[in-house]
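A.B. asks: Here is what each chain is made of, one letter per residue.
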Amino acid sequence: MSNMSSELIATLFVAISLRSIISMNSYSGFNKPPMFGDYEAQRHWQEITVNLEVKQWYTNSTHNDLQYWGLDYPPLTAYHSYLLGRAAERLNPRYVELNKSRGFESKDHKSYMRFTVLVADALVFIPAILALSVSMDRIYKKNLKLQLQLLFAIYPGQALIDNGHFQYNNISLGLAVLAVAGLLCDMIYVAAFAFTLALNYKQMELYHALPFFAYLLSTSLSQKSAKSAVKELSIIATIVLSTFAILWYPWSSSIDATSDVLLRLFPVKRGVFEDKVANFWCSINVVYKLKKHFSDHKMALICFGTTLLTALPINVHLFFRRSKYIFILSLFNTAASFFLFSFQVHEKTILLLTLPSICLFYWWPKEMLWFLKLSVFSMIPLFKRDNLLVPTVGLMIIFNLTFKSRYFKSNENEICHRKLKISITQISEILMIAIFLAFISIEPPSRFPDIWPLIICIISCAHISMFLIWGYTKQFT
Amino acid sequence: MSGYFWELVGISSALKVLLLPAYYSTDFEVHRNWLAITHSLPLNRWYLDATSEWTLDYPPFFAYFEWLLSQVAKYVDPQMLIVQNLNYASEKTVYFQRISIIVMDLIYVLGAHRCMTALGVVQSTQKHIAGCMLLFLNVGLIFVDHIHFQYNGFLFGILFLSIAALLKQRYLWSAFGFAVLLNFKHIFLYMAPAFAVYLLKFYCLGEGKFVQNTAKLLAAGLTPFVLSFGPFWQQLPQLMSRLFPFKRGLTHAYWAPNIWALYNTADKLAASVLKRSRDADAPSTTSGLVQEVQHVVLPTITPSITFALTALFMLPILLKLYLTPSREQAKLVFMRSIVLCACSSFMFGWHVHEKAILMCLLPLCLLSVLDHRDARFAYFLGIAGYYSLFPLLFEVDLLVPRYSLYMSYVAMMYGQLERVYKSKPSFHMLEWIYFLGFIAIPIYEHIISRLLDLHLLLPFMPLLLTSVYCALGVSYFYVRYYLYAMDFQWPPSFGKRRRVTQIKSSTSKRKRKIK
Numbered sequence: 001m002s003n004m005s006s007e008l009i010a011t012l013f014v015a016i017s018l019r020s021i022i023s024m025n026s027y028s029g030f031n032k033p034p035m036f037g038d039y040e041a042q043r044h045w046q047e048i049t050v051n052l053e054v055k056q057w058y059t060n061s062t063h064n065d066l067q068y069w070g071l072d073y074p075p076l077t078a079y080h081s082y083l084l085g086r087a088a089e090r091l092n093p094r095y096v097e098l099n100k101s102r103g104f105e106s107k108d109h110k111s112y113m114r115f116t117v118l119v120a121d122a123l124v125f126i127p128a129i130l131a132l133s134v135s136m137d138r139i140y141k142k143n144l145k146l147q148l149q150l151l152f153a154i155y156p157g158q159a160l161i162d163n164g165h166f167q168y169n170n171i172s173l174g175l176a177v178l179a180v181a182g183l184l185c186d187m188i189y190v191a192a193f194a195f196t197l198a199l200n201y202k203q204m205e206l207y208h209a210l211p212f213f214a215y216l217l218s219t220s221l222s223q224k225s226a227k228s229a230v231k232e233l234s235i236i237a238t239i240v241l242s243t244f245a246i247l248w249y250p251w252s253s254s255i256d257a258t259s260d261v262l263l264r265l266f267p268v269k270r271g272v273f274e275d276k277v278a279n280f281w282c283s284i285n286v287v288y289k290l291k292k293h294f295s296d297h298k299m300a301l302i303c304f305g306t307t308l309l310t311a312l313p314i315n316v317h318l319f320f321r322r323s324k325y326i327f328i329l330s331l332f333n334t335a336a337s338f339f340l341f342s343f344q345v346h347e348k349t350i351l352l353l354t355l356p357s358i359c360l361f362y363w364w365p366k367e368m369l370w371f372l373k374l375s376v377f378s379m380i381p382l383f384k385r386d387n388l389l390v391p392t393v394g395l396m397i398i399f400n401l402t403f404k405s406r407y408f409k410s411n412e413n414e415i416c417h418r419k420l421k422i423s424i425t426q427i428s429e430i431l432m433i434a435i436f437l438a439f440i441s442i443e444p445p446s447r448f449p450d451i452w453p454l455i456i457c458i459i460s461c462a463h464i465s466m467f468l469i470w471g472y473t474k475q476f477t
Numbered sequence: 001m002s003g004y005f006w007e008l009v010g011i012s013s014a015l016k017v018l019l020l021p022a023y024y025s026t027d028f029e030v031h032r033n034w035l036a037i038t039h040s041l042p043l044n045r046w047y048l049d050a051t052s053e054w055t056l057d058y059p060p061f062f063a064y065f066e067w068l069l070s071q072v073a074k075y076v077d078p079q080m081l082i083v084q085n086l087n088y089a090s091e092k093t094v095y096f097q098r099i100s101i102i103v104m105d106l107i108y109v110l111g112a113h114r115c116m117t118a119l120g121v122v123q124s125t126q127k128h129i130a131g132c133m134l135l136f137l138n139v140g141l142i143f144v145d146h147i148h149f150q151y152n153g154f155l156f157g158i159l160f161l162s163i164a165a166l167l168k169q170r171y172l173w174s175a176f177g178f179a180v181l182l183n184f185k186h187i188f189l190y191m192a193p194a195f196a197v198y199l200l201k202f203y204c205l206g207e208g209k210f211v212q213n214t215a216k217l218l219a220a221g222l223t224p225f226v227l228s229f230g231p232f233w234q235q236l237p238q239l240m241s242r243l244f245p246f247k248r249g250l251t252h253a254y255w256a257p258n259i260w261a262l263y264n265t266a267d268k269l270a271a272s273v274l275k276r277s278r279d280a281d282a283p284s285t286t287s288g289l290v291q292e293v294q295h296v297v298l299p300t301i302t303p304s305i306t307f308a309l310t311a312l313f314m315l316p317i318l319l320k321l322y323l324t325p326s327r328e329q330a331k332l333v334f335m336r337s338i339v340l341c342a343c344s345s346f347m348f349g350w351h352v353h354e355k356a357i358l359m360c361l362l363p364l365c366l367l368s369v370l371d372h373r374d375a376r377f378a379y380f381l382g383i384a385g386y387y388s389l390f391p392l393l394f395e396v397d398l399l400v401p402r403y404s405l406y407m408s409y410v411a412m413m414y415g416q417l418e419r420v421y422k423s424k425p426s427f428h429m430l431e432w433i434y435f436l437g438f439i440a441i442p443i444y445e446h447i448i449s450r451l452l453d454l455h456l457l458l459p460f461m462p463l464l465l466t467s468v469y470c471a472l473g474v475s476y477f478y479v480r481y482y483l484y485a486m487d488f489q490w491p492p493s494f495g496k497r498r499r500v501t502q503i504k505s506s507t508s509k510r511k512r513k514i515k
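Quick note, the sequences are listed as chains A and B, same order. Going by our numbering, the letters in the first sequence line up with residues 1 to 477, in that order. Going by our numbering, the letters in the second sequence line up with residues 1 to 515, in that order.
Keep in mind that a hint or two might mislead.
Stated by the list, open to error - FRET-style restraints, in silico, Cβ to Cβ:
1) B/L430 - A/S218: 53 to 61 Å
2) B/W432 - A/Y140: 28 to 36 Å
3) A/S253 - B/L458: 47 to 55 Å
4) A/I469 - B/K422: 42 to 50 Å
5) B/D453 - A/I455: 56 to 64 Å
What the hints assert, rightly or not - Derived SDA-like pairs (lysine to any residue); straight-line CA-CA distance at most 20 Å:
6) A/K107 - B/A440
7) A/K107 - B/V94
8) A/K107 - B/S326
Hint data in this document are derived by calculation from the structure and do not stem from the laboratory. We put the CB at the ideal spot given by N, CA and C, even for glycine.
Can you make the complete structure from the sequences, with help from the hints?
C.D. replies: Right, dumping it as structure tokens:
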């Protein structure tokens, strides 16, 4: 069956089905005054953007207390919040009433908020994954688009964070996926534009920025003549800069306004990490208390240095040995080194690693399925807090069984060659399941209340470091 | 069979687990109340108690089943077992009741597996995979059992077990199983004629020992009734009045998509054209209350008319089943006659619920992996039949899930049929137009009616449209499938010749595989 469009359509609707079913669950900060959670943050941004002047959005004022969920994403998020806020206002003005609507929760409001995430899924994320899987198949002449798309559709992490916990990663990830698809199809202007939008939706897309930069630069410089190279470069620069200029226009009049926004986006004051997160610094912190020895600014510099040190070789390599496969590999490696070593990493940021790893599924199915399971495992403490463990288990079962079934195994004989790796995978999976069961059933000793999240972080961090080393070896051999 | 069967079972159970927090209907409280009644009251009060308006109205085996469940429930949350605790729905209660459905669905899995084996679907073939996917991930069961809340899955499991026994010539087991099923839920009575005719022909008359076999058959078939109704023999009239309440109207509040939905609509249209109105105090057909209705222009339908029509329309296919010479040929005819008996009662029955369409849709899932033409009809009825369940899921948070689950299922079904038969299912252009017409109903319901403020003026319009449009499809399916099952070649150019030959070769291949 070469052209099973009906099954492609089915996977798209499976993606929406699962996301809409996850939406029936609880969300972050449900019924937890005074600060609530990310759901309230998104609602609050609607309230701020609808009621205040554009210039005031990122600035502390009597009506905009930045200590209470101040906007900390770039302008595209703010514009999106504004649109959603206007729609909310039409449905029920109490949803976004200035100051009075803080902590507003109702069944109808939840339905509305959940629906807006599903709209983002349907309009941005799902078309993007369709574009990516179709273009991967076209370039690499394989017939894996159904698997790839199903992987995106039923991967539990993204759905649980967006439709469960409550965020709009689907927009920034969707735009990034679109950029990857554009780049694979040699539509580099589309790629540059889509990626700039992604970056302006969530600054975390910086994790993906270096490989895009290296690839686009390398493509333009490898033109036949210097003249066409300059032309190519200037077109890309114009696209990127003008997109930035338009999106940042309201804050461009004064340095103060721009720096307000930038300070919100890169909050050095919030420390190297907040919750337990599966990166290098949080793991080191167990034996060596970083916050005692380094100021936040010094720590930020250290993070910047180590991140650059690990990420640069990858991208220099990509610049000189440009190919689309290496690009995807660098995307994975760069994102992994950013996740492990950069400043202010959240556990949800691992979603940025899962995007390239789903693409790498094309070449390394076993390894990447293992990584994807690990990524969900690393977020378990978060799901526990949000009361999302039942859907997590349900989705993980669906995810595991779908890709375990014979139906989706592409080439059986490959398995024999990798006996050793499979056994390591199995040990790791059993370990993850055991820790998970312990986490939900065994009360931690009162001296170490955070013992289980910490163990989960350290195990995940060890795995991610191993995957980074694996990625390095794959890239340089 | 390794590599997909248990994986699919796991996936379908996990999907049902995801639906644990979904909105549930009053049927949840109905079943909670039955748990409480059977647990807290002595046997002789079960069918008399009327503390809740949701009195026990299923046959005794179902009541025993609820009693068994209550023995587990008392360890989960004893509060749910108190009869006076109306509308009690703690989280534990919801999880317990929902999980009990998921666990009971294992009987459905067993039944489906046995039935496919008995029908000669070889394991690990594409047909077996398709059959498993269509049955285990069935969107109709997910809607009715796992969202709306009912225990249909394991009942269909018993039905499939009984069909499998019949096909494997274990006739006494089949009769016993079917009788057990009737004592769980008596709506399956509508399929009884097909079982009766097959058993009469191939067991009582076919083996040359008429008296002996008939006696055995009666013994096997009546034992469950004795076990079930025995303890209640002193209050049989009371029990019967609970099981067969004739005070209800011709159609349910939401009209099931059958002939009466069209009849009611025609009556309404005629009344408005002729500007005739009914007596002011007589109830209207759309008033939403369950009571008897009066038609304005067309003659009023009584229960006896519906029974006569149902019986009349069952006759031809039963006759055909009776006249089928060999057992081997009779297998398919029997399966089709089950579908057609269920569909006849759905089309003409008294006070039919929309959920009853599952009795046609689920056996059709089995038929659709057996023959290319059955598959085509199964797909057509699937489009209209699963859609007609939407009014059960009216809650606002269920709108996206209902459309997307439906679309996933029908697209998956199309893909599976394409894989099984190596070609796309073919439909006439008008049939495609009918399929596409379904898009118009949600567009009207969610967009146009809101923009024009029609949802306040004509609140029942979307229900009416769904009902009538689905009724057209179900009726079309009924006529065409009936003619096909009776081997009428009408219209003569039906289907494409090359496909017919292909099917012949595939059926003969299948026959060779049957040992």
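A.B. asks: Each hint should be assessed against the structure and marked as holding or not.
C.D. replies: Now for the hints, and whether the structure bears them out:
no., hint, verdict
1, B/L430 - A/S218: 53 to 61 Å, "holds (56 Å)"
2, B/W432 - A/Y140: 28 to 36 Å, "holds (34 Å)"
3, A/S253 - B/L458: 47 to 55 Å, "holds (53 Å)"
4, A/I469 - B/K422: 42 to 50 Å, "holds (47 Å)"
5, B/D453 - A/I455: 56 to 64 Å, "holds (58 Å)"
6, A/K107 - B/A440, "violated (28 Å)"
7, A/K107 - B/V94, "holds (19 Å)"
8, A/K107 - B/S326, "violated (61 Å)"
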